[in-house]
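**Q** Chains as they are written, first to last, in the working numbering: chain A, 3 to 338; chain B, 12 to 171.
Note that these hints are calculated values from the structure, not bench results.
Predicted model, so just to flag it, every value in this text is computed and none were measured.
Just so you know, nobody snuck in bad clues.
According to the in silico footprint, chain B covers these stretches of chain A (three or more CB under 8 Å from chain B): (1) 139-151; (2) 156-165; (3) 191-201; (4) 205-219; (5) 237-248.
We treat Cβ as the ideally placed atom computed from N, Cα and C, and that holds for glycine.
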Amino acid sequence: MKKGKQSYLLNNRIFVKDTSVLVGKRESEGPLKEYFYDVLEDDLFNSKSYELAECKMQRHTLQNLLKKCEMKIDDVDCLMGGDLQNQIFATSFAAREFHASFLGLYGACSTFGEGLALASLLIDGGDFKNIVVTTSSHFSSAERNYRFPLELGNQRTPLSQWTVTASGSVMLSCDRPEEEIVPAITAVTIGKTIDYGVTDANDMGAAMAPAAFDTLKTHFSELSRSPSYYDAIFTGDLGIFGLDLCAHLLEQDGITMPKSFSDCGKIIFSEKQKVFMGGSGAGCSSAVFGAYIYELMKKGELKKVLLVPTGALLNKDSPLQKQSIPGIAHAVAIEV
Amino acid sequence: MKQLKNLLKKKTNEENHENKEYLDYVHKTAPRTKELKTLVPAFLVGGAICMVGQLVSDLLKMWTDLDKEGIATATSIIMIFLGSFFTGLGLYDRLGRIAGGGSIVPITGFANSIVSPAMEFNREGVTFGICAQMFVIAGPIVVLGISVSVLVGLVYMIFA
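Just chain A, same shape as in the assembly (with noise of 0.2 Å):
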């Protein structure tokens, strides 16, 4: 059911059947590390290149979620998904090796978000039963995609975020599964491109922020929820001082935020791993969400999480052409 201009409320519950993460070293030497049970410890996975290695880790937590859902790739209706590399390499080249119905997504780092807003409401207009929505990010094969080689002595300001090497499966059914406690999508909302003209490409939190702001206000308004409704907020990658900016906007607007919102690369990664604002890339929201949030909504630790991906729009040439970065955001509620 439609709620507002950009909300969805979804008319079944739209199940999180199963989740599968893999990431990398450092990831799992962060906060999250006893959530993170497949571990990469060489970030070149046995390839030629770090765009094959994060291809094969999209193929390896594919494979590992259909066994973890025991279904085969005949009884998934759709796979769709994407990552940060150039014309989503990584999840195309892993896609060649399932027979499935596939689309590519690419919405930066809410790609996340903008999978699972898509299938929960293809699933629940009726004819799809299951989709897999899968993302990944590698920081090396991102490094250089968005900005130097790796060898290249320069220094990190700052602001700068770590791309994290990470790659997050789902499995969205219209089935509930025979488990007591199951996490289902329940509502959507799909952001619009925001621009404030932050144009610093090193500062993406301050560039997403506003995106982030807007889906919030929008979904809070628009389903007439507040802030507490939900046990936790989580925004995909806005970093420690986007996260910051985004609280402010909402304090300035009149919305509060609780003290449990938070911020996916926020919590990946903890001071001490100097990776400055955080971790951020299509994997962080993925992988929080599968290893962290949906194993604590199991647990019975949180009832209601609203999961907020977060994206910089930009490219390698958009800033050299003079153009500020467009955010965007997608917030997914998801309830047990």
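We have chain A; now place chain B onto it with these hints.
**A** Leaving out everything else, chain B in the frame of chain A:
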């Protein structure tokens, strides 16, 4: 004067932006580079690299029959080799993370800026990988360096 002021400001288009308030807030609250914490390592590492260069130069003076110009050229070659070598070992970028400008400015940093893309794009093959991408960072430095030296040469020719 006003024009000059605008020119000095990094992003003049931010001045009249509709979200000026937000951009100002970002500007005001953004964490900044801690200058002392970065200046000191930059000074120390940059200084150390120069000391190595001086040592190489002094040793060449003692051990070889090269003239002054020959020593300067040989020192540059050795320093470029060292910069490339430590880039290849994967150590120069770690030094750069601590030292910043201290390891970018010396000639070893120039070597690093050429070797690092060559290593990075090795996977795309020799022609379109290494050869095509090698100067992706050093290219502008080379082009500007040569252009400016031509200009300075012209000025020197006219006035000297």
